[in-house]
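Offset between the sequence shown (1-based) and our numbering: plus 71.
Hint data in this document are derived by calculation from the structure and do not stem from the laboratory.
This list has only true hints and no planted wrong ones.
Each computed SDA-like pair below joins lysine to any residue, with the alpha-carbon atoms no more than 20 Å apart: (1) 127 x 81; (2) 167 x 80; (3) 127 x 156; (4) 142 x 221.
This one's a predicted model, so the numbers in the text were calculated from it and none came from an experiment.
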Amino acid sequence: MTQTDQSAIQLIEEMIRRAPNDFKFHGDIATNLFLYDELKYNGLIEICINRDRISKIIKLIPNKYDIRFIKNHEYIDQSKVDYNLISGLDIFDDGKQILSIIIYDVDNNDWIYRLDRDIRMPEQNIYYHSLKWNVDYIKPEIVLMYELNQPFKLIKHKNYRNLIDNLSYFQFVTLKLVVGEKIIQDVVDQHKRNHT
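Can you make the complete structure from the sequences, with help from the hints?
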């Protein structure tokens, strides 16, 4: 484990200790929590935060880290940061990214899907809580909504099929309505090709 990896773990564990209800794990960590109830830090740590929590989360990040704000998929000058317009933050330690923070919006207690603002659901329905680890993590259908809506050649996750197979009927229908049956079928077909 490199020093940067250790820095990432120390940072996220401090965030868990000081603000456990202000963020939710996303990406591979959320997937592992859902499938195996394991809190594993493998590679880049991804979390989600409600836009209202940006200031609180930034205050938890020591000055030794470089915070880069994202707007329209690009880093912007810190002097031009408007918390209402950014979509995320990346945290770097000695030039290596150690944490990705995705910002989501809430309107009248409803989470808003960034790729289609007409898709909404109660914020408390976008995540689970792990009793074992005392952390929140984004539900798999929400993670997949974002992951599967990128160009197919960029879809990289080896557990997509396993994740889809472990969704409840309601979760599967929700995912299918958002990403479409064709994309789900492409994931299944790709899995078959890779395992035959």
